[in-house]
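Residue strings, one per chain:
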Amino acid sequence: MNELDKKLGDSLRSSQKEMPPEMAARFEVFLDKLPDNSVHKSRRKRWFTVISAAAILMFTITGLLFHPTVSQALQDFPLWNKVYQLVGDDGLKAASEKGLSSEMMVSATDNDITITITEAYYDGSRITFGYIETHKNPIPVDKNVMEDMEDFHLDWNSFRINGERWYESFAGGGFVNREKISDTEIAGTITTNTDILFTDSMTWDIMLERWSGEYPGSWDFTLENVTITDEAKVFTIQESYPYYLENSEFVVDRVIVSPSTLDVRFQTWYETQEGMLKDQGTVYVFTDSNGEEMEILESRGGGGHTFGGSEGKYYSIDSWFQFVPVQYSIDHITLSIYRGDDYFTAEKQEKVSPLFEVEIPLN
Amino acid sequence: MDKESVSQVQEAINGSKSAFVAVIIKEKDTMYRIAISIVKSNEAAEDAIQEATLKAYENMKKLREPVFFRSWLIRILMNQCYQILRERKRVVHLDDWNSSKQSVMLSSNLELQEVLQELPEDYRIVIILFYLEQWKMKEITEATGLSLGTVKSRLHRARKALIPLLTDERKGCR
Chain A
1 MNELDKKLGD
11 SLRSSQKEMP
21 PEMAARFEVF
31 LDKLPDNSVH
41 KSRRKRWFTV
51 ISAAAILMFT
61 ITGLLFHPTV
71 SQALQDFPLW
81 NKVYQLVGDD
91 GLKAASEKGL
101 SSEMMVSATD
111 NDITITITEA
121 YYDGSRITFG
131 YIETHKNPIP
141 VDKNVMEDME
151 DFHLDWNSFR
161 INGERWYESF
171 AGGGFVNREK
181 ISDTEIAGTI
191 TTNTDILFTD
201 SMTWDIMLER
211 WSGEYPGSWD
221 FTLENVTITD
231 EAKVFTIQES
241 YPYYLENSEF
251 VVDRVIVSPS
261 TLDVRFQTWY
271 ETQEGMLKDQ
281 GTVYVFTDSN
291 GEEMEILESR
301 GGGGHTFGGS
311 EGKYYSIDSW
321 FQFVPVQYSI
331 DHITLSIYRG
341 DDYFTAEKQE
351 KVSPLFEVEI
361 PLN
Chain B
1 MDKESVSQVQ
11 EAINGSKSAF
21 VAVIIKEKDT
31 MYRIAISIVK
41 SNEAAEDAIQ
51 EATLKAYENM
61 KKLREPVFFR
71 SWLIRILMNQ
81 CYQILRERKR
91 VVHLDDWNSS
101 KQSVMLSSNL
111 ELQEVLQELP
121 EDYRIVIILF
131 YLEQWKMKEI
141 TEATGLSLGT
151 VKSRLHRARK
161 ALIPLLTDER
171 KGCR
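Just so you know, the protein sequences line up as chains A and B, in that order.
UniProt numbering applies: residue 1 is where the first sequence begins, and numbers increase by one.
UniProt numbering applies: residue 1 is where the second sequence begins, and numbers increase by one.
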């Protein structure tokens, strides 16, 4: 560690946070209440639990493979189009049914594990691909229990579009659907997003890595001619509205409607004041043209201070929300904003009025 | 981890609740810093910490090497934080990192914290573990599941953003 590193570490540590005293006190009470860990279930009972879990899983897997819907999907679609049908969300299923995803079937093998990227799809918002992971030996059944699926997590470590820029994704940073489809196979989709709008066909370089667990490996791919669906509509709105806090502003930035995704992006600008940033949880509720609340597929928000200019110092938040459009009537959507925390339930919502409402036309 | 902690972790693996509590108490501030940097709110951070602690407690017997306890615990916590983010998609928190308390700090430290918060989350976690918690690179790779090369490249890029603030290069530019 050089001198600058040492100085950087010292500076950061001089202002580091500690667990607030009230939280620490509650944490100690929580620790006190932990049950005694020295008492174990009898061996017989544990075996019974394992056997029961295995039986339920076998039933689930067998049931899945022979379930009429899945069987129909397997028969109706070519191999490369099966993964979106089997494990994609409803938006990816809709795009795949329309034949809008691109066939890939590119494989790489490491550590006796072959990963085949079966299909890829980009619609102006979501960058996504489907894959099948094939093992040489049967995957232990108990590994299919979701909480143990960590061993099968694929970190989409690096990703480059058209040879220009590498993006890095962190474990858990991408939106992942995954399911065991046979004794030796797992099917999955991985999705991420980009702010840049691409308008021509694309080449993707992808490096998948699995660092930890029992099945490590590294798999590299180049996907060529990923087509861009021409059914996506991009609405650049950039209309601003006064926000409920004084001297603050809300800007609807861009909306993308594609067969698989409704993507809404906006910014909120707050003039920073002493202490005002504390406990400012904001709840965003979207309703469709029929007034039905829309289920969020994925969302993300990131904020930071913005400096300079005659307007002084602002805190801005970029937010985006994604939905599956086939589920809703979307001539327009309404965004209602509430003050609230992680425990803002539907019951609480009924009792209060939104602080702010914006209707966004989409036709 | 120091020898005393390793020994306490071994006792916790053997079923000692008091040893587990002792070792968790040592890690509570680290857990808080990691959780708050991901989930942004105290309520969610508290939930994540309690859930992760419970999972760690229930699965202590699966931990084969006591020396990996810290990285194992932080990995469980990070997964729990991401789980909470997935479940609570409607809520966006203004980061309360820059609260009034920090207005009395030296301006360079305030600016440093602001830039730290502006870094992408995956970079921020590596910075927190390396500079604030003073973890070794190997431990960071174990906790995050990233390769050594990725951890190094993230540290390098984050350094490039943060170090100019110590050398006044960026003063007046922002």
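Since the hints were made in silico from the structure, they are not lab data.
Worth double-checking, as some hints may not be accurate.
Restraint-style ranges between C-beta atoms, simulated for each label pair [unchecked claim]:
1) Glu22(A) to Asn14(B): 41 to 51 Å
2) Val6(B) to Asp5(A): 33 to 43 Å
3) Lys233(A) to Glu65(B): 14 to 24 Å
4) Lys55(B) to Glu185(A): 22 to 32 Å
No farther apart than 25 Å at their CA atoms in a straight line, the calculated lysine to any residue pairs in the SDA-like style are these [to be verified]:
5) Lys61(B) to Leu34(A)
6) Lys136(B) to Leu34(A)
7) Lys93(A) to Leu34(A)
8) Lys61(B) to Glu51(B)
9) Lys62(B) to Tyr215(A)
10) Lys28(B) to Met23(A)
11) Lys26(B) to Leu34(A)
12) Lys17(B) to Asn37(A)
13) Lys233(A) to Tyr215(A)
14) Lys6(A) to Trp135(B)
15) Lys152(B) to Asn37(A)
16) Lys55(B) to Tyr215(A)
All C-beta atoms, glycine included, are put in the ideal place defined by N, C-alpha and C.
Verification of the supplied hints:
1. Distance hint for glutamate 22(A) and asparagine 14(B): a CB-CB separation of about 33 Å, inconsistent with the stated range 41 to 51 Å.
2. Between valine 6(B) and aspartate 5(A) the CB atoms are about 27 Å apart, so this pair departs from the stated range of 33 to 43 Å.
3. About 54 Å separates the C-beta atoms of lysine 233(A) and glutamate 65(B), a value inconsistent with the hinted range of 14 to 24 Å.
4. Take lysine 55(B) and glutamate 185(A): their Cβ atoms lie about 29 Å apart, and the range 22 to 32 Å holds.
5. About 16 Å separates the Cα atoms of lysine 61(B) and leucine 34(A), which keeps this hinted pair within 25 Å; it holds.
6. For the proposed pair lysine 136(B) and leucine 34(A), the alpha carbon gap of about 31 Å is over 25 Å, so the pair is violated.
7. Taking the CA atoms of lysine 93(A) and leucine 34(A), the gap is near 44 Å; set against the 25 Å cutoff, the hint is violated.
8. About 17 Å separates the Cα atoms of lysine 61(B) and glutamate 51(B), which keeps this hinted pair within 25 Å; it holds.
9. Taken as a hint, the lysine 62(B) and tyrosine 215(A) pair is honoured in the structure, with Cα atoms around 18 Å apart against an allowance of 25 Å.
10. Pair hint lysine 28(B) plus methionine 23(A) holds up; C-alpha atoms about 10 Å apart against a cutoff of 25 Å.
11. For the hint linking lysine 26(B) to leucine 34(A), the alpha-carbon distance of about 17 Å falls within 25 Å, and the restraint holds.
12. Restraint check for lysine 17(B) and asparagine 37(A): the C-alpha separation of about 6 Å stays at or below 25 Å, so the hint holds.
13. Proximity of lysine 233(A) to tyrosine 215(A) is assessed by CA-CA distance (about 41 Å); at most 25 Å being required, the pair is judged violated.
14. Only pairs whose Cα atoms come within 25 Å are accepted, and lysine 6(A) paired with tryptophan 135(B) is accepted, the gap being roughly 14 Å.
15. Note on lysine 152(B) and asparagine 37(A): the hinted pairing is violated, with a Cα-Cα distance of about 38 Å set against a maximum of 25 Å.
16. For the hint linking lysine 55(B) to tyrosine 215(A), the alpha-carbon distance of about 23 Å falls within 25 Å, and the restraint holds.
This entry does not satisfy hints 1, 2, 3, 6, 7, 13, 15, going by the numbered hints stated previously.
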